[in-house]
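Peer 1: Protein chains in written order, with the numbering used here: chain D, 1 to 185; chain X, 1001 to 1143.
Just so you know, these hints were derived from the structure itself, not from any lab. Worth double-checking, as some hints may not be accurate.
Stated by the list, open to error - Listed next, with one range per pair, are the computed distances between beta-carbon atoms:
1. D:R7 - X:A1073: 53 to 59 Å
2. D:S154 - X:E1009: 25 to 31 Å
3. D:S84 - X:D1032: 15 to 21 Å
Said to hold, decoys possible - Derived contacts from chain D toward chain X, CB cut-off under 7 Å, selection only:
4. T33
5. D138
6. L162
7. R166
8. R170
Idealized CB from N, CA, C, for every residue including glycine.
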Amino acid sequence: MDERESRLVELVLQGDSDAFGPLVTPYRKALLTMAYRLCRNWEDAGELSQETLLRAYRYLRSYDPRRSFRNWMFQILVNVWRSSGKNRPDVAALREWATTHPAEGPEEEHDRSEIRSQLMDCLDGLSRREREVFLLRDIEDMSILETAQALSISPLSVRVRLSLARKKIRERAKEKFPHLLEDRR
Amino acid sequence: MKRERKGREYRPLLDNLRAIARSEEKDWEEEDWRRALRRATAAEPGELRPGWKPLAGWVWAYAVVIVILLGAAAVATSSFFRTAGPTIMARVEPARNGSRGPAGGAVSLALQNQLSATFVSAESGLRVYWYFDKEFDWKEEKR
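The task is simple: from the sequences and hints, build the whole structure.
Peer 2: Structure follows, in structure tokens:
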């Protein structure tokens, strides 16, 4: 946690609620997107993110400043998601996204929807637990320990679930999107 | 070898998936974001643990009843064993003959030529001492 964040946390805890906005704003995109990847539905993602913000503010005193604030927010989000039961796929989500964020041209429109569906298609093959681990560890680039802490499981469980998730993703990509296995650098 | 091959295979896939993930990030509508912040900060910060909730009254009532029952069971059990158990306790040990060991206080077993058996009545507290000498002749003493 950087100095700016710790100062903002202190201000919020001293009663300055206006300091909460600058504290969480850097993570607003990441929070909403992560919520969407977990629940696969933008509407539910908005609700989960709102609940996450509410809990983060309410329980800020329990936040350990030695930890990353971003990871702490993700931990709350995963807990909110687990307790909400919002785990249904939404096939209309891409269309919804496309209408609220129109692309600049037909080619970009095609590329974007193609790309998005590929990632979500890969995630669809994972169980709830595997998806949590894969998203936090491989997509959000958390360490094994941070992932374990965020999910309240052991590092060994993280490794096991991650291994299963990677295997499934690799198989799915091989079957449906073999070009993703190519090194494009 | 197989593991290395899988790792080599997975690395470009992971890079591509991360690139996809970055490209599909979605931001809040400004109005939605402001509303979410307003809603979040309407509460008071300060609770210590997210998992902690005040326990309902019926939980406390049940806890009190359970403690009372356990206490009653403990009392009933101990009184039952006191009445059903032996009323006389016996202890057999070398009789003290007055000599003390070098450590001060320990009875010297080498000099021991008497054995005593002490019987204590649990009800009256009466103590009966039996002393045996080397020849197993005994004498009795009551206190």
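Peer 1: It remains to establish, for every hint, whether it holds in the given structure.
Peer 2: Comparing the hints with the structure gives:
no.: 1; hint: D:R7 - X:A1073: 53 to 59 Å; result: 57 Å, holds
no.: 2; hint: D:S154 - X:E1009: 25 to 31 Å; result: 27 Å, holds
no.: 3; hint: D:S84 - X:D1032: 15 to 21 Å; result: 18 Å, holds
no.: 4; hint: T33; result: 5 Å, holds
no.: 5; hint: D138; result: 6 Å, holds
no.: 6; hint: L162; result: 11 Å, violated
no.: 7; hint: R166; result: 6 Å, holds
no.: 8; hint: R170; result: 6 Å, holds
In terms of the numbered hints stated before, the structure departs from hint 6 and from no other.
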